[in-house]
Structures are given as structure tokens and as C-alpha cells.
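Undergrad: Listed below, chain by chain, are the residues.
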Amino acid sequence: MPETAVADAATGVSPRELARRHGLTSSGRLLGPVEYSRQLWGYRHFIGAHARAKTASALGTTNLGTLWQVLTPAINALVYYIIFGVVIGTGGGMKNFIPYLCIGVFVFGFTQTTVSQGMNAITSNLGLIRALHFPRASLPLSVALVEIRNFITAMGVLVVIVLISGEPITLEWLLILPIMLLQMLFNMGMALGGARLGSKMRDIKQLIPFIMRFWMYGSAVLYPVTRFTDHLQGWKLHLVEANPMLVFIELYRHALMEDIQLAGSPRLLWTEAIIWAAVISVGGFLYFWRGEKGYGRG
Amino acid sequence: MADNERVPTVIADDAHIIYKIVGAIGTNQNSPLSAFKRVLTRTNSANIREVHAVKGVSFVAYRGEAIGLIGSNGSGKSTLLRAVAGLLPVAKGAIFAAGQPSLLGVNAALMADLSGERNVELGCLAMGMSPSEVKARTKEIIDFSGINERGDFASLPMRTYSSGMGARLRFSIAAAKQHDVLLIDEALATGDAKFRRRSEARVRELRAQAGTVFLVSHSEQTIRDTCERAIWLESGSIRADGPTEDVLKEYETFSKK
Chain A
1 MPETAVADAA
11 TGVSPRELAR
21 RHGLTSSGRL
31 LGPVEYSRQL
41 WGYRHFIGAH
51 ARAKTASALG
61 TTNLGTLWQV
71 LTPAINALVY
81 YIIFGVVIGT
91 GGGMKNFIPY
101 LCIGVFVFGF
111 TQTTVSQGMN
121 AITSNLGLIR
131 ALHFPRASLP
141 LSVALVEIRN
151 FITAMGVLVV
161 IVLISGEPIT
171 LEWLLILPIM
181 LLQMLFNMGM
191 ALGGARLGSK
201 MRDIKQLIPF
211 IMRFWMYGSA
221 VLYPVTRFTD
231 HLQGWKLHLV
241 EANPMLVFIE
251 LYRHALMEDI
261 QLAGSPRLLW
271 TEAIIWAAVI
281 SVGGFLYFWR
291 GEKGYGRG
Chain B
1 MADNERVPTV
11 IADDAHIIYK
21 IVGAIGTNQN
31 SPLSAFKRVL
41 TRTNSANIRE
51 VHAVKGVSFV
61 AYRGEAIGLI
71 GSNGSGKSTL
81 LRAVAGLLPV
91 AKGAIFAAGQ
101 PSLLGVNAAL
111 MADLSGERNV
121 ELGCLAMGMS
131 PSEVKARTKE
141 IIDFSGINER
151 GDFASLPMRT
161 YSSGMGARLR
171 FSIAAAKQHD
181 VLLIDEALAT
191 GDAKFRRRSE
201 ARVRELRAQA
211 GTVFLVSHSE
221 QTIRDTCERA
231 IWLESGSIRA
241 DGPTEDVLKE
251 YETFSKK
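Chains as they are written, first to last, in full-length UniProt numbering: chain A, 1 to 298; chain B, 1 to 257.
Bound-form chain A, shown alone (with noise of 0.2 Å):
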């Protein structure tokens, strides 16, 4: 008989009341919101260097490389060129429509990538999550630094592509900046609320280009926002001009151009970007947090 077995019967303590006298935790506990941040930014190394490597594997097959980071966006620009605004003209008379509307195609596809890269970051990763201990949020987040640092690079090609139309260089520039950031926070904040979601309903990674695509129709991407304000009042309105990824497009777009319409005053743009990178950004993290032990089943 096993001796251990034979002593603990003796003393006769049940393992419940042996782990709590002994100081034992167990395996599956899950930490505070506060102390998981903590943790999270302990971290952050790990962050880092795991999107590094992701960016590095997924272009070191290819003979061009990290060239791919310019050159995806630029096509991607020059492919909407063509289809809106050569062949279409979707812009309807509206003057200088092709960086409006390359402003919308980039800042609409950062987020965009960074939800559907998200959604796959918990269950594209199983291997690693079963095998050792890191706090779980470490995967979207890395997730959500490969596509900022994408976007950054394509940032690069979108000012290109404003002042070859003829924009001027204003100090309204600078406003790209603390956009930029609301949007990453909100990329963030969807990129861990995706990661739950796809590893717990998997259903749902096959409707989000759906999804994707019908929100990229409501943000005013491929034409003039004015279409709303158009055809549609009260309530509606109001509804459709709430749309974060609309707010965080035309704040782009009033930055980086002159005298065009926007959705509504500056000061409301604001105040509803503010809010949604906020609220995005805490409840995604909370709604991750709450179902760290459960990641890795299955």
C-alpha cells in the first residue's frame, strides 16, 4: 500500500483542508483584474518579441520580404483607385475624392485585420497556450501590435499618397497622432473581446467577413459621408454617425485634408472617438480577463 495514502487516512484530514493548511493554491486560479495587468506588463518583452516573430514568419517566405509592408497598402490603394475612382466614380463630383477615400480603405482595414487576426489569436496558438504559463491576453495584444505596426508602415504610404493630391501640409497634421492612439486602444480593446469570442463560439469567425463588410459599407468608406446626412434623419442618423470606425475615419480625414464635410462638428468626433476607445478597450480586456483559465480547452 502506498505509505502516503495510508497517512493522511490516519490523520484523517480531508485534501481540501490539507492544501489551505499548507498554503497550496490552486492550479486554476484566476487573478485580480488589477494584478493580471500587472502581470500582463511584466510581460510585455514576451508581447513584443512574439509579434516580431509573427511578422517574420509570415513574410520570410516570401522573396521580397518586410518590402511586402509598403507594398500591400500601396496596391490596396491603387486597386480602390481604380474601381472607385476611375471606373465607378463613386465620389460623385466631389473634388480631390482619392484621399478620402484611400484614408477610409487604410483606417478601416487596420481594425479590420486586427478583429479578424484576433479572433484567431487563442486557437492559432493552442500549442504554445498548453505548453507554458503566460498571461493569455499576451496573444491578441501581440496580435494587435503586428497590425499597429503594419498600419504605421502604411501610414507612411497614405501621406504619400494625400500630398501627391495636392493637400497641403497643415499643422492640423499633428491631430493624427492622438487618433492614431484612440484607435489602437480601441483595435485592442476588440482585438481581446474577438479572442474569447472566437475561441469560445467558432461559429463566428466564419460570419465576421460578413459582418466586416457590412460595417464597412456603414462607415462611409467608399463614398462621401454626405450620402447619410442625404437620405436619412433623426434617430437613423444619429445611429449611423455613432459607428466608432465612421468617427475614427473622419477624424483621419479632417485631419489630413482641407474643407471637406464632416459627419458632425469636431467636438462631437472627439468626444465619441474618447468614448468608444474607452469603453472598447476596458470591456475587451475585462471580458478576455474573465475567461483566462478556461483557454487551452478543447
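These are calculated hints, taken from the structure and not from any lab test.
Facing chain B, according to a computed beta carbon distance under 10 Å, are these residues of chain A, among others: (1) 14; (2) 15; (3) 16; (4) 22; (5) 47; (6) 50; (7) 54; (8) 57; (9) 61; (10) 130; (11) 132; (12) 138; (13) 293.
In silico lysine-lysine, DSSO-like type, Cα no more than 30 Å apart, as pairs: (14) A:54 / B:20; (15) A:293 / B:20; (16) A:205 / B:20; (17) B:55 / A:200; (18) B:177 / A:293; (19) B:135 / B:177; (20) B:37 / A:205.
Quick caveat: nothing in here was measured; it's all calculated off a predicted structure. A virtual CB, placed ideally from N, CA and C, is assigned to each residue, including glycine.
Position chain B against the provided structure of chain A, taking the given hints into account.
TA: Relative to the frame of chain A, chain B by itself:
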């Protein structure tokens, strides 16, 4: 026996572990029509199947013990270790542990497209080391793994490694850290004789620092050499728990049948 002086480090209290497997679609269930029927009749069990891998395991492990886990393939040994490490949630019951147990396995996933060096960096950071610590240890880890014995393999992508080299590198990364409770999953069986000697020495070192060592292995010799206590798992439940020699004898008679 001085029972009151023994400090428990891992306690499993009637632990159950259930895998939920999504996408295990059987034959004749592949058409959209049958999927629709499943949704309508609410029998989603065809798509999600449950595997009850560990069924009510209880044991107490004490500081200074080395415990070998034996059992046939698929008996739940690795699953149990993962649960002790807190990497898999328990469905019922509980597992308590001192500090943060670390699992040292050959399956630790690394990124195949990255060079060995970058994988060392990533793995160490994931274990919670600081960047300066990582920088200081990288060379040591690569030397220990011996992947550079046939040229500069550390800077090549991991997909170019032989399976033995990959396993050696993974073991070396995981063994670079100190652990309270150390869980070793088949890691000693990897690599050639030379590497095995080196890794056994490393495990003894780690065991001296660690409180408790768990070892899963199919090599009875390894269990005999390193463990004084053994737990025999069969289809998810404990068949025997006690001194290595006794348990191994029982296991041998069972597997010869």
C-alpha cells in the same frame, strides 16, 4: 515516519479532466443537410464530443519526492501533468499546488519558421525571464542543446531541424529555468545517448532545487533511476500508488498479459 514534518506540494482531490473536441464529425454527417438536422433536433453531440481523460484522481505529493507516472498509451498521464501545471482546467474536483508548477515537455510548441536562436528568445520570454537574462542565457541554452555541433544550425529556421534536434532545443529551453514543482513529460527519452546523459544530469540538478519532480516516461529504467515513488494510471484512474519497485512489478505483470 515523521509525517508531521512532510510538506505537501501537490494535492489532487478527485480530479476529473474532460476534453471537449469540436469538429469530430463522424461518417455520414458531412452534408449540410445532416448539419441542419442536428441543429433542428438539438443533437449537437455529433459535432462536439467529450473525452473523459482523467477520472477522479487523488494523491498527495510531498517536498523532495520524485514521482514517476506510468501507464499504457492514452491512459491520461500527460493530461494529468498538464492539469497539475494549470494548463488544462479540471472539470470536477481540484488540484492544489505550491507556487507555479512548470511543465517540461517535448511538445512545447515553437515557431517553425523562426531560427533556433529566436525561438530560444521567445521561449525564455514566455517563461517570464527578463530580456537581459535571456541575452545572458541564450548561448548557454544553445550549447546545452548541442544543435550547433554540426554547423551553425541555431540561425536556421526550426523547420529545417531533425525531430531529435527540435526536441533537444525545446528541452534545453524549458530546463533553463528553476522550478518549485517540476513536471517532466517524456523529455528524457529524446535525443541520442550523449544528450540523454546530459539531460539526466540536468534533471537531477533541477530536482535538487525543485520541491517535487513528476516524471512521465515509458522507459522503466528511467523511472527506476530517478523516482522512489510511482503512480500507475490506467484509463484515467489510479491503479497503484507506492514505492517504484512494487508498482513497476504490478505494472509488468499487467502489461505482459
